[in-house]
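Peer 1: What follows is each chain in one-letter form.
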Amino acid sequence: MTSPLDTGSLEQARRQAVRRKWLLSAPALTVLFLAASGPLLIVLVYSFLVAGNYGGVEWQLSGKAWFKVFFQKDIFDDTVSFADAHLTILWRSVRLSFMTTVTTLIFGFPTAYFIATRSPRSRNLWLFLITIPFWTNLLIRTFAIMEVIKAEGVINTVLGGLGLISAPIQMLYTDFAILVGMTYVYLPLMVLPLYASMEKLDFQLVEAAYDLYATRFQVLRRVIIPIVKPGLVAGSILVFIPSLGAFVTPRVLGGGKNMMLGNLIELQFGAGRNWPLGAALSIALLAIVMVVLLFYVRTVERGKSGERQ
Amino acid sequence: MAKTIPAIAVERVTKVFGAGASAVRALDDVSVTIRQNEFFTLLGPSGCGKTTLLRLIAGFDHPSAGTILLQGTDISHLPPYQRSVNTVFQSYALFPHMTVAQNIGFGLEMLGRPKVEVSETVAAMLKLVRMEELRDRRTDQISGGQQQRVALARALAPKPKVLLLDEPLSALDYKLRKEMQIELKRLQNETGITFIFVTHDQEEALTMSDRVAVMSQGKILQIGSPREIYDHPAERFVADFIGDTNFLAALVVSAEGRRAVLRLSSGSEVGADLPEGMAPGMVEGGKVTAAIRPEHATLMTGNGDLRGVLENIVYFGTDTHYHVRLSDDAAFVVRSQNLRDSAEAFQTGQPVEIVLKPDAVQVLRD
Amino acid sequence: MAARSTPAPFTLKRQTGFTAVALTCFVMLYAPIITLVIFSFNAGTTMAVWDGFSWRWYQAAWSNEAVQRAALRSLEIATVASISATILATMAALGTTRTQRFRGLTVIYAMIVQPLMVPEIVTAVALLIFFAMIKVATGVTGIFYLMIAHTAFCVPFAYLPIRARLEGMDLTLETAAADLYATPWMTFRRVTLPLMWPGILAGAMLAFVISLDDVVITEFVKSAGEDTLPTYMLGQIRRAITPEINAISTVLLGISVAVVSIFFLINRKNA
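Protein chains in written order, with my numbering: chain A, 1 to 309; chain B, 310 to 675; chain C, 676 to 946.
Since the hints were derived computationally from the structure, they do not count as laboratory data. Hints may contain errors.
As the list claims (entries may be wrong) - Straight-line C-alpha distance at most 25 Å; calculated PhoX-like pairs for lysine-lysine:
| no. | chain 1 | residue 1 | chain 2 | residue 2 |
| --- | --- | --- | --- | --- |
| 1 | A | K200 | C | K688 |
| 2 | B | K468 | B | K484 |
| 3 | A | K229 | A | K200 |
| 4 | B | K494 | B | K424 |
| 5 | C | K688 | A | K229 |
Take these sequences, add in the hints, and give me the full structure.
Peer 2: Okay, here's the thing in structure tokens:
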């Protein structure tokens, strides 16, 4: 007959340990709640308020801001129609973000593969080279691109000097410029997760595929890509989400006309003086991002439960 | 007559991990007394609970029930830094950011000993394990065998009352392991500290220990000197785990005190020892399993206690193993040393008889 | 008569065109930046025609009062933010790693890395509104708002390397220290902390660079005239572009490169 188990003191020790862990995390959580998560709730509240005359808000509940996100009222005859300007901007944002994801994928995949297939010694050097642009100022990189593609920039000067063009190509202040800028800025964000996946690739599987009569392209399509899919998905998310909320790049490269969602939001807090609308647009952006993230988590979970390709 | 206090007394200790349906009983009502200045070994296969028991003695976990006494004081719920017990870890756990000397002196530093005492003890320890030239090396720059000795010195430096060793030799190659076994025994003798040694290697346990506790599935099956364990295993598991054994089905004809008379499958009767805890009255007339070591049996052509057919002869250089199929279809192995000009030459397929050495048959508890 | 060349040996890892694209990418990544750096030394005023080598733009930036103030402010904020964020992140990492799952662990983790998941502009807007509310209510202004904003979004950047370092640590070492009479505090001071230190350093440096480079949140949260270097540059880009911006950019670039290099060196030594 065994003596009764002393679960009481063990349980108490465990609870004390958990309490200590909460205490350790508490300062960080407080700061983050005050200056990151908490304010988001305030944004949500603001989106239901009324715009003040000189900026700021008046504390009255109203759905007007949300209405303005999607619809507009004709000032003369009060007909309601879709808010064209907003929808154009939304469409531009989604379109450009998607295209950026695709271009970074096209350029990033071979780059990640290249780094992953270097010898272990030189691999570190290549990683270092791709990490540096990642840690340099976003503004600097955007500015650098601007300098290169503007009418008096390097590309046009060189092309003109070679006699290939008679007049400078207008690249700046177009959707194309924004696409180039975002691809340039977010390329490392696609390469790094892809590289992480590829580094773990067991090349014996590739050998096996060749042994079974696959061509290079088939090896790529049927063996390599499926295995590095997690990195692919992670990289796409890491590019798509920031692109969607981009502010600096479209502002510098797009001029005032080619606005993206980020610029539209900023407008409401500047000249537009419609803080509730800005708040509503921000929440809308956040909602889209959450949906994309949910989709990502779902895909990862499905992959983990051993789904066969 | 003054009774010496045991170094460690484990009283009815149970350890349960998890809860409810998935609870695991790593130790089940275990009791054992370890004497001062003893080299005591916990022996068993992985998962038997030996490491768990060691961790409870060291203080890295608390028993779910029962008490642990260190020289009479209850330490069951004391944190490890308040127990005068030190551990040599299986992975050595040397601090990589400190030199050999700093590692060895760490315990004394933590106890607040004056710097002079610390450096003197460190020097003495380095001499003890013969690592003086490496005192200022960083621990990730020395070999596995050297790391092991540093781990040993580090644990001995604070002069603990008990030293715990968690399979410290498992990562060493054969030759180094043999050297370290001798080394450990020497250290234990010189320092006079009680050693509690954990291993799954029965050969190690037999060669080094004063006493061995054989464990399986959270219980201690038998405690005794190496000779006792080997010659008189009380349970089937112990007999099987240590060395080679033959198992015989037998009928108890009569039993008295610690002896019994068994009738074997061949009809012959032999004398056997009864294990502790088996009263003569319990077994008289009943069926039991008996064990006998292969080297305690001799192969003959006639006049044996068992009859069978020789199936296989395996030559091992120093010995020869004879695999016999007995008349009741059981398997039996006879081991005989290859002395010069051993008289009889046997052949496979030949009917043979086996003589059992008297006093070598052991009745098993299960 | 030309001999038939032997076919190229089979290379397992080669894929058509990948190396070419990769190398092009590297060139394209660095070309604009290098152009930027080169033209910061341009004696002329454009960024397309080379007029000779000169330090003039660096001198101009150096003596520009607005630039001086912005630079100082950037450094102030980055120093305070990186130190604070690292301390917070270290504590949080100790509380969230190498532990059995307890209720709320996922929530804590989600809250800590949340700035990485939310688009920067949303956070910027949120902080703008929140701080505006507080300013109106209390009348308190000053650099404090920027510092706390920076600290908040720097925490995840400091947290991740520290956490990674902690998770790679051998748990037995702390058990061994306790076995050798070290109290929990002594174990932390003499074993855990020294071994964590490279991770903490890496986290602090990352946080510093992130704070130094931040544009969006700073732009929204700052009061008028409270420029940091990046917001100053953003303003200049809209108004008058001179190679002075190149000069400032090159300096910032230099700082980033230096920090990342140190980061890589530390990591390689402790791989």
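Peer 1: Which of the numbered hints above does this structure break?
Peer 2: 2, 4
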